[in-house]
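Trainee: These protein sequence lines map, in sequence, to chains V and H.
Going by this note's numbering, the first sequence opens with residue 50, and the numbers climb by one from there.
Going by this note's numbering, the second sequence opens with residue 73, and the numbers climb by one from there.
Be aware that one or more of the hints could be misleading.
Pair ranges (Cβ atoms, derived) [stated by the list, open to error]:
hint	chain 1	residue 1	chain 2	residue 2	range
1	V	Ala62	H	Asp319	30 to 38 Å
2	V	Gly385	H	Asp319	42 to 50 Å
3	H	Ala257	V	Val80	47 to 55 Å
4	H	Asp319	V	Asp502	54 to 62 Å
5	V	Ala518	H	Gly477	17 to 25 Å
6	H	Pro651	V	Pro386	18 to 26 Å
The hints are simulated quantities; they were obtained by calculation from the structure and are not laboratory data.
For each residue, glycine too, the CB sits at the ideal point set by N, CA and C.
For reference, the chains in residue letters:
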Amino acid sequence: MTTLRVEERSAIATLRHGLRLSPEFRVGLPVTLLLAVLATVGKIIVPVAVQQVIDKGLSGGAPDVPFIRNAVLLCAAAVLLTALCGYLMNVRLYRSTESGLASLRGKGFRHVHDLSVLTQNTERRGALVSRITGDVDQISTFMQWGGLMVIISVGQLFVASVLMAVYSWQLTLVVWGCFVPLVIALPRFQRWVARAYTRVRERAGDMLAAISESVVGSAVIRAYGSEDRTARRIDETVDAHRAAQSRAQKIIAFTFPITELVGAVAIAAVVVLGVELGLAGDLTAGRLVAFLFLITLFISPLQTATEVLNDAQNAVAGWRRVLGVLDTPADVADPGPEGVALPRGPITVSFQGVGFAYPGGPPVLHDVSVDVAPRTRVAVVGETGSGKTTFAKLLTRLMDPTEGRVLVDGVDLRRLRFSSLRERIVMVPQDGFLFDGTLADNIRYGRPSATDDEIARAVEELGLSDWVAGLAAGLATPVGQRGESLSAGERQLVALARAYLADPDLLLLDEATSAVDPATEVRLARAMDGVTRGRTAVSIAHRLSTAEAADEILVFDHGRIVQRGPHAELVAVDGVYADLHASWATSSKLS
Amino acid sequence: MPTEQENQPTVMRQGFRVIGHAVRAEPRIFAGAVLGSAVYGVMTVGSSWALGKATEEAVLPAFRDGHATTGALLTAVVLIVGVAVLKAGGVIARRVLAGIMQYRMQARSRRDVTRQYLRLPLAWHHRHPTGQLLSNAGSDVEAAWAPLAPLPMAVGVVVMLVTAAAAIVLVDPVLALIGFLIFPAIAALNLVYQRRLSPLVMKAQQLRAEVSEIAHESFDGALVVKTLGREDDEAARFQAKAGRLRDANIAVGRIRGMFDPLLEALPTLGVLAVLGFGSLRLSSGGVTAGELIQVAYLFTLLAFPIRALGWVLAELPRSVVGWTRVQAVLTATGSMEHGATRLGGSGGARIEARDVEYGYTPGVPVLTGVTFDVQPGRTVAVVGPTGSGKSTLTQLLVRLVDPDGGRVLLDGIDLRELARGEVSATAALVPQQTFLFDDTVRGNLTLGTGDGAVPDERIWAALRLAQAEGFVSALPKGLDTRIGERGATLSGGQRQRLALARALVREPRLLILDDATSSVDAQVEGRILRGLRDGSGGSTVVVVAYRMATIALADEVVYLEHGTVADRGTHERLLLRCPGYRDLVTAYEREEAERAALGEEARDDARDMEDLADEEVSA
């Protein structure tokens with residue numbers, strides 16, 4: 050089993066790797082960056098205009114009107130031009146980043162499905178979902194805002210500094226002297242803010258979990274009269290969340306205006322020293338005033354810096370998690386076009402010295418060698434934990450054996466194309482998961498090309514028509530999210546109909562009728578096995594009625610097949626099966 | 073249907089009404105935030121005035137006269153720094169208080185909404201999908217109060233604009249005219265911007281939720297996707313939605329890309345206009361150079377905050393949608409009313425259903441005319457085909473839902489007349505679907521009867537009876553191990569046994585098991601049921617089961633078919649006279665018998681076919 054990776058790559062390596070995987074980001078990037086630079090340069094138009102107007106237009110007593118007019122018009126043209134650059138830059142940026150992120154989401158989604166069930170089960174579903182939704186959104190925010198802000202801010206600080214240095218290097222030093230301590234302190238502020246935000250997220254998680262209990266557990270809460278207790282628990286988490294939010298807000302509220310205070314100090318220092326310099330003849334009045342405007346260019350980049358740093362950190366973390374999915378190898382992989390595709394028809398499965406152990410765990414299956422002949426009904430029985438389900442997972446290649454091999458029609462399962470495998474072997478798990486849609490939609494999931502008539506016929510053949518007719522809208526009845534509008538037994542009926550419609554060569558039922566009534570179960574079993582039509586049916590069942598009907602029974606005990614043969618033969622001898630059967634018979638039969 | 077444009081004024085009005093609720097709920101906090109914001113607004117104008125003053129009285133005289141006055145410079149420094157300190161104070165007050173207000177309103181709504189979830193009857197829950205209820209308490213509450221964050225700022229901006237207008241008019245009416253042209257233009261442009269943007273943002277948000285919903289569903293059903301080989305179809309379904317999200321985001325980007333640079337360009341053009349016209353005014357003596365700088369600086373300062381007006385307006389439509397959804401929960405009626413009667417009895421309770429009718433959807437009854445009674449201390453098995461209404465019946469018996477018609481009586485009293493908490497103090501239901509709280513093993517069993525109120529011995533006894541003692545004692549912290557969503561992982565069988573122990577620890581007078589013993593073996597089930605029946609309490613038991621051993625333990629069987637009691641009586645009697653019941657419970661045996669008769673024949677057929685196939689192959 051491979052657990053999902055969270056890369057320990059450095060930020061730079063993560064970015065590089067991420068960009069390599071999403072070539073869309075780089076499409077037209079140089080032009081976009083050039084436009085961003087041009088849009089940034091527009092910010093110094095006002096200070097330059099102010100300086101020019103004061104020094105050249107107003108210096109000789111009466112204003113030089115034509116000069117001022119020309120300067121103003123020229124600057125206005127420049128402003129409009131930079132606005133146009135800004136527009137083009139934004140449109141290009143959104144297009145390339147959104148395209149890249151959409152395909153990244155798609156790749157991530159697909160890869161999650163390609164991962165083995167073992168890997169999928171190492172992480173909560175919600176966490177898997179956020180890797181391709183929220184985490185990708187973090188990247189998108191950064192690319193469209195934070196990352197852009199970095200470029201613009203650095204550009205703005207650089208351009209402003211250069212221009213300031215041209216006007217007066219002494220005053221530039223003064224300004225930097227004021228801002229450098231702030232720049233040094235910023236990462237610390239950012240850490241405070243990040244920590245506070247992390248806390249908010251954690252508290253939000255607790256709160257949503259508590260709230261979801263009041264919804265998902267509504268029946269149990271009422272049945273046990275624990276409304277007050279649930280309410281108390283919700284209140285606690287809601288208050289903790291509110292407190293965390295307020296705390297984060299306070300930290301931001303107090304750190305945010307610091308930049309502006311530093312800016313005011315810088316302005317005051319520039320006024321005093323600028324006058325001194327001016328008196329010494331090193332500075333004109335226009336340049337001094339322009340300086341004051343230039344200082345404002347310092348404030349907004351530094352004000353947003355903590356947010357940008359946060360953004361960047363989140364984006365890198367998000368990217369790591371997305372890449373973590375893509376970098377996790379699909380340990381049960383589709384051989385793809387190189388693999389073998391087998392024709393449909395009666396199917397032979399053979400296990401040859403198969404063993405299995407969960408990673409880091411003791412073996413749960415030992416040296417299982419067995420052939421499942423075509424057109425037979427096989428029942429797999431045994432106590433909980435005897436290896437039945439592991440056997441089923443290996444047969445359907447949800448996992449690969451750690452020892453030995455599983456062959457289908459003489460071909461190693463690992464060499465069989467998934468498309469061919471899934472067409473020929475279908476498993477119905479105990480929990481009949483349904484998708485939000487109608488009954489017909491869910492049954493059609495077994496074979497998307499099936500017509501309404503074929504679905505109706507399948508229902509008919511399974512003897513479920515009566516049940517369907519009793520539903521609110523027959524086959525058009527919505528089953529609700531995850532099938533929650535149906536009872537557990539009804540969900541299993543739909544899951545069976547779905548597999549029946551898929552019509553595989555080998556059908557594996559893993560306690561698929563555990564919540565269905567005995568009469569329906571027997572009827573279904575008969576309809577499903579379809580042995581006469583060439584299908585092999587393998588059933589894992591705790592109700593041994595299935596075993597009695599089987600051509601062959603595989604009895605599992607402590608990870609080994611300890612007995613095999615037809616019911617009549619096995620029940621006649623002392624052994625695991627006879628015991629299991631005796632215990633079942635007393636609990637389920639009249640006699 | 074009204075168009076987007078026609079809807080706007082109503083949405084705005086509704087939006088302001090939502091804001092009004094918050095202001096009335098937290099008047100002091102709001103007043104404080106607005107005051108802070110006003111200080112900030114006035115001081116923003118003040119900082120340009122300070123700079124103008126410094127230029128006029130310290131910088132320019134010094135350059136003109138060739139010497140500086142220390143007093144004037146000092147005044148300038150004090151003014152610039154002092155104004156900045158006041159402004160910072162205003163910012164802090166505004167941000168902190170606006171945050172407190174927003175978060176308090178969120179917390180309040182969340183408490184109210186979840187209170188409703190707990191108060192409203194289960195029937196209401198049945199009508200509302202889980203996902204919707206979760207987002208009502210989560211993102212909808214958040215959206216409803218989102219405008220509260222920029223609201224004080226927007227009010228402060230209004231103060232700022234009035235102050236600025238006054239300041240500029242005082243300086244020079246001609247320059248003021250430029251301001252009066254530019255600033256309304258910025259505000260108007262921003263309003264157009266937000267109006268065009270907000271439906272696009274809402275659409276993108278909706279799509280984001282849909283993308284996430286597909287991923288959730290698809291990953292939850294990963295096993296089905298895999299076993300049926302539907303990965304490609306799922307990927308295509310997801311990619312299509314992700315593609316729509318991409319297009320929606322690009323549409324947002326196009327609007328942002330267009331308006332953001334324009335909004336930035338407008339004040340810059342304003343400053344240039346001030347410089348242009350200002351220098352003309354300067355030559356005619358209308359303004360001084362310092363005043364000119366002051367106005368120009370003011371323009372650069374106002375450019376950004378003025379957008380806060382747009383932020384509030386932009387949040388309004390989303391806020392109204394969130395608020396409406398939250399209100400729908402808060403105003404939902406049909407609460408479960410309780411009477412005042414208390415049950416004094418001890419020992420097994422008597423439960424009775426009289427002509428009970430129930431349906432989830434109007435016109436589609438699940439139960440009709442269900443009548444039966446269970447005498448104290450007796451065990452009744454409810455048997456019936458899949459989908460015959462057995463689980464629904466168990467919910468009616470403990471008043472999780474009220475019948476549409478008829479009555480359910482506990483010790484002769486209609487459940488609706490019993491005081492709140494009486495039913496759950498008397499009866500315990502173990503539902504088919506196990507639900508565990510995100511809590512310790514102990515917490516899950518006692519359900520907050522107060523720590524220590526239930527002695528450990530009783531908890532362990534219940535665990536022992538439910539066959540859960542072994543694995544619980546093997547857990548790292550025993551009874552104090554956290555389980556549930558974020559706790560230790562338990563198998564389905566283990567979870568079911570804990571749910572069973574939860575009911576047993578209460579020693580209920582009435583125990584209802586809805587197919588809840590599939591994970592314990594038949595002998596153990598028998599021990600549990602007999603223990604309850606014969607114990608000091610002599611509990612009454614209603615058990616939904618298919619298992620013969622369970623049915624055998626019952627004194628009587630109630631056989632349900634298509635939502636009605638088709639027959640009731642002892643197992644032996646039903647077996648004789650009720651064909652449906654007979655078919656159901658003897659299904660396995662009949663099958664065995666038929667197989668015995670037909671088995672040889674069928675096997676021969678199969679063999680024949682195989683031979684045929686072999687012949688074909690060899691041919």
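Trainee: Check each numbered hint from earlier against the structure, then list the numbers of those it violates in ascending order.
Mentor: Failing hints, ascending: 2, 3, 4 and 6.
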